[in-house]
Amino acid sequence: MRMLKFLIYAGFLILASKVELSLGIPPEFAQSNHTNNWAVLVDTSRFWFNYRHVANVLSIYRSVKRLGIPDSQIILMVADDMACNPRNPTPATVYNNANQNIDVYGEDVEVDYRGYEVTVENFVRLLTGRVTPETPRSKRLLSDGHSNILIYMTGHGGEGFLKFQDSEEITNTELADAFEQMWQKKKYNEIFFMVDTCQAASMYEKFYSPNILAVGSSLVGEDSLSHHVDSSIGVYIIDRYTYYALEFLEKVTPASEKTMGQFLEVCPKSLCISTVGTRKDLFQRDSYKVRITDFFGSVRKVYTTKETFDINILSM
Amino acid sequence: MDAKPKNEPPSWSLWTSLSYAMVMVLIGIPLWWKTTTVQRAPLPYQEMLMLHEFLTNNFRIQVDVHFKGFSITEDVALENTAYFKYNFIPMADSEKEVMKKSKDLYEVDKSLCSLSPRNELNIYYVDRVEFRKEYGQRIVVGNCNSIYYLSNSAPPNFEIITSILNNFKPSSNDNSSELNLPLSIGYDVLLSLLVPEPEVFDVTWKIQYGIKKYIEPMLQKLNNFAEFNIRSQILYYIRLNVRPKFNKDTGNYEVSYDQLPIVINPVESKLTSFVSQNPALNFLVYVAPCSSSPMQIMEEDGSFIDSNGFFVPQWGGIQVYNGPCSSSSNDTTPHEVSIRSIMSVIIPQFRALIGVPRLTGDVAVLDLRGSALRDWEVDILLRRRLEHLLFTSANTLMSLGNLLDQITNIVVTEEVGEEVEQSVNTLKLSYNEAKEGNLEKALRYAITSYKSSEIAFHHPSNLAQLYFPDDQKYAIYIPLFLPVGIPVLLSLRSIFQILKNRRKKNELEKSKSE
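As they're listed, the protein sequences go chains A and B.
Just so you know, we're using this note's numbering here: the first sequence kicks off at 379 and counts up by one.
Just so you know, we're using this note's numbering here: the second sequence kicks off at 4 and counts up by one.
Extracted from the complex, chain B is given alone in its bound form (with noise of 0.2 Å):
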């Protein structure tokens, strides 16, 4: 019986620190790993960060072309291109019939605008000279979808007809300017009226009446384009911050150009809301105080201005309303503002703070009829609004992909990450559809795209973990891992020790055996 070696240890010591090493190898450490790793859905990093450059480089919304009533002599080639597919057909029997039998041309829009569906342009050719003579232009742009080419019998020029075309696709500086509302999904309008002197003569307005007949209407058109939410309000012994001066000649009291732009601040503290996050638009009615009636705002060049009013491009509309000071009853009934003439002037304001577009080029345009806003002046903004919906969504997934890319120390939740996949996916489904041409599909995806980022990037636990850097983190670790880990590593050392050992013995015990 071989005496063992005095320096080598018992054998259940070498159990116990191999058992010490197994659950620090086996359990301590991955348990450790996984309980300190910061919890990181997955997420589409490459399509986060790509997808901006892609629209930027292959969005385009598609609008259909249809030619109608030109005859196609020669080789008209007119190419599709990327924006606007061009076909030509035959103007229908009924068209034929209106084209013929009206005596001007809102008539013809009229009939016409009840056939035509949105998000296509209608080119009809007019064969009719007095038209021309009348206009004086080659082209009108109706109040639906209609373009009337008008012919005075030479051949048609298409190149006059692409040019105008161009105002019909969304360019890159639109969305930047600061005459169209900021983006969001909803919007709060808030009409006011002001009364500084209830008490020289009472105001009331039938302003229910007023939203319900002509604001809803227009805000029906603008469905696809975002909600809108209205409230109105009388506010009581507000004055505005204007000095007007007495002009003898005209017998007005004057508010010169140059006092307008402070002229909202002291009220602006009565119109926020408290509650809703939602920009706002503001329409103020203001009943001028008889100390200074008739007030009459002035333009720059100390002309009159009809309306009365002026607007702060993103936040409203200010008219001035001049009411019965000069008689005398003591009548206590109340003044009706006349719902009629401050609409007269809301909805230009309206019209103007949502963008809508001009036509640039040798065209005229139809005067209004039937509505307050044009369905091409809609589907512009519809289409520019898609654009803005689009490249803001992918904009805010890339800038969340590199943020979460570079800082590795923010949590990224599952909520999170649905979230963008969400974006992500909303987002090719609305550049497929704005490749066909759905206008409205297109906006439903990027709607939704759109608050998918936002929720993903405004996300509360998308905060770097701040005070945990890399040195502190060995500072943390080394106390817990070394008194440990040391004896353990040194116990290691001697069971190899002991192993080889062993090993030793066993191949003497061969080699003496043989």
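One chain only, chain A, in its complex shape (with noise of 0.2 Å):
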């Protein structure tokens, strides 16, 4: 009697379950404008200590690489050089998890701002496209109207600003500013903006621009806190929001259909401790119903070619 009750009852748990999954994934995906994809990924601080930082960008850096955007759509803007730091136990790495197991700084990297070229004033430069008219290609934004850009910046950061180079910084509304430029210019279809550093939140406070989704790893009042230590390293090598978000995009494969809201879920509280605040009202798609590619990777609008065309008929 006992079993078949237990057997009604994991019967059941297994069927509510499916039903769960079912209806998990998402019914239609609201379609969206662009045809391409641009990362723009910015760590701030230097110093051996801040060595999670590093490992943050370059984290995200692999997997966005991995999801499809090529490194001639990838800025990446690295203000200190951990892999070759005196310090590095195993030089020409850098890891993001104490276990070793992947070497995010890896033999393919291209860091395109490195060291002091990571200033505010370059950034602005970059956002806005006025760099001086020697910059190399692969150190402008060369994004149009059609293209989905991801920024993710990671660093010290305070209310109000986050800190480059422990020397200068950014205020929100110089980037809210920044921003609007970019919009008047038509450089960005959609911007998905990800700030992991203390009161995360205060940087996308200012934002006026449409069609820009944010997610900040603490609130205005709290400090985002790091996950831990390797002891070989002897630093903390990665922060909690970005290793969980990590722990998301590492299921995330090209053809995913994991959505944008999904993502902003990751880190609840108890694993983060901060809490993760969001910015939706300036983006008009539902995030639930945005692919997470539409950011972080490359997926491709496609059209058949219906119809040959005769060689012949040029000779008529």
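Take every hint as true, because none was put in to throw you off.
Only pairs whose alpha carbons sit at most 25 Å apart, straight line, appear in this in silico BS3-like list of lysine-lysine:
(1) B:K273 x A:K517
(2) A:K564 x A:K667
(3) A:K517 x B:K454
In short, the hints are calculated from the structure, not lab data.
Starting from two chains that each stand alone, build the complex the way the hints lay out.
Listed below in structure tokens is the structure:
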């Protein structure tokens, strides 16, 4: 009798979970207008003890590359060199996990702005397109009105600012104005803005341009915390929000049907300790109906060539 | 002799304090003002801000429409609209000959093609009932600038004609569609042959010949549209991201439709230019590896795609080429890819990518002859491009005007000033040419206007001096001026006192002497 009850109960659970699964798959995705994807990934801190910020940004870089965005459309800004730092016990590598499974530096990393080139001025110039004429193509953001741009920033932040190189700051109003300049010149279709710093939510407070979806690892007044220490390296090697975001992204494939809405739920307070903040009011689509590859990958809209051209007519 | 009052300072101190004050006021303050104002070249702000609205309300590209051979009966009141200028002219004798003697509409079209200038539309009244029977439609559009109204002896229906004509003017939605190239003065076209297994059989292609014979004539026609730079390359040992499934019935390795969106990702890194900033158009020919040959791409509904190709808007086109995998000869000569067969897919892909328009309405179009682009198609593209260039230019100027107006801290260099002037002037010139219907001239001005507006907007000097807000200005200047200013002001006070005393003394002396 008890066995029967147990079996019925188990069967019911299995059935319920199956129903749960089928309900979880989004029925339709809101059509996107983008034809290409760009990513601007910025790490703003120097010094060895900020190793985790470099690991953060390189991990996002790896995910974005794996999901299909080519290097020519990724702008990677890393303010300090951890891989070749004299204090690195395993030179030419950067790890984002104490088990040292993945070397996020790797052999094909392409850093576009390195070291002292990562300044507020260069960042604003990059976004608004007001770069000096001798800037090479790989250091320019050549997006257009059909580009979806992922912008990820990590480092030390405060209420309304983000510290660059430990010597200057970019304020949230400057960032909002830069985005407005981008909107005026139709340099983006949609932007997904991710920021992993203390008081991250203050950075997207002042945005006023349309089509921006933003997420921050902590609210104003909260600090974002790091995840764990690698005792062989001696410093914290990854931040909590980015760690759990990566956990989510690792399961995403280029053909994935996961949504941005699900991504925004990553890292609840129990895991992150800080509260993840989001800003959806400027974004026109429902984030649960937007594919995650709309920002993190490069999924193209495709049209088949239905008719061939008869070459003979050219001589008629 | 009056004794000088004790508190009156000596007269030389009067002159020294006066000279301090003079230097400070006449030389110091103007010098400081001049050296600390932000250099701003004068800009026509009013015009910059109004141009966009002006264009939205007033911009028109005029097209001359000639009705040839229509007998003007009754009151055919065709009013000229803002876009089309209608006029009725009789057919020339040569044209009448062509109409009578040709055996089909293609012959008519070919002969008349040589006579038609650009940016005009000629509507011919074709009085041959058998043509009407053949085509079934009243209106057939030719390959140059001619439209044929096939009569069946009923009086001509001008309403249908004018509704078809709406296809030939640019509409506001055209330029935002993804089936258009992104706006740019130049494009890089790259033709790539992907050979994943060169050790199995080697492949070459006579691509220079192919480009010269098939692509260049098309690009010639698009001279006024944009500059195209063509390159070609062969890439070895690169596979596309496809997982074909073998179909026993057809003997093909089939690539399902849902795999197509992510096919190009592994190849993209090999396709970009590291030098050019122009948008790129890529055309890939993928030689299917023998392990999955013959490879066939499927439609969404599971049917074959004849061309074995697909295109990605604003990026380019791909096709699969199945080489001679089954031949087991030990011939080491490389297989030559059939240029004709790959061009038969590249050409329609190119046409789709640049946004060649399709006509809507009750109208038939003659098949392409002699060229891969019809004249009227190119004209429509040029009109759309003109509109796009002008509106983008006006938008850029407006946005720049707003920026520079609101943030008074930004330097406006001479160069920016000149570019803005040029942009505004050429924009107005282009607008005027467009109103007259001179498409080529209008485009030339529009391109200059667009280039100048982009240079002005993206000039590196247009960055606000980020760290100079007002309260910091006070903090900088007060310690400079106050230590010098206060003693000068106080000495001015004593100067006034002296002058007052002197005047009193003079008055006293005057009153004494009287």
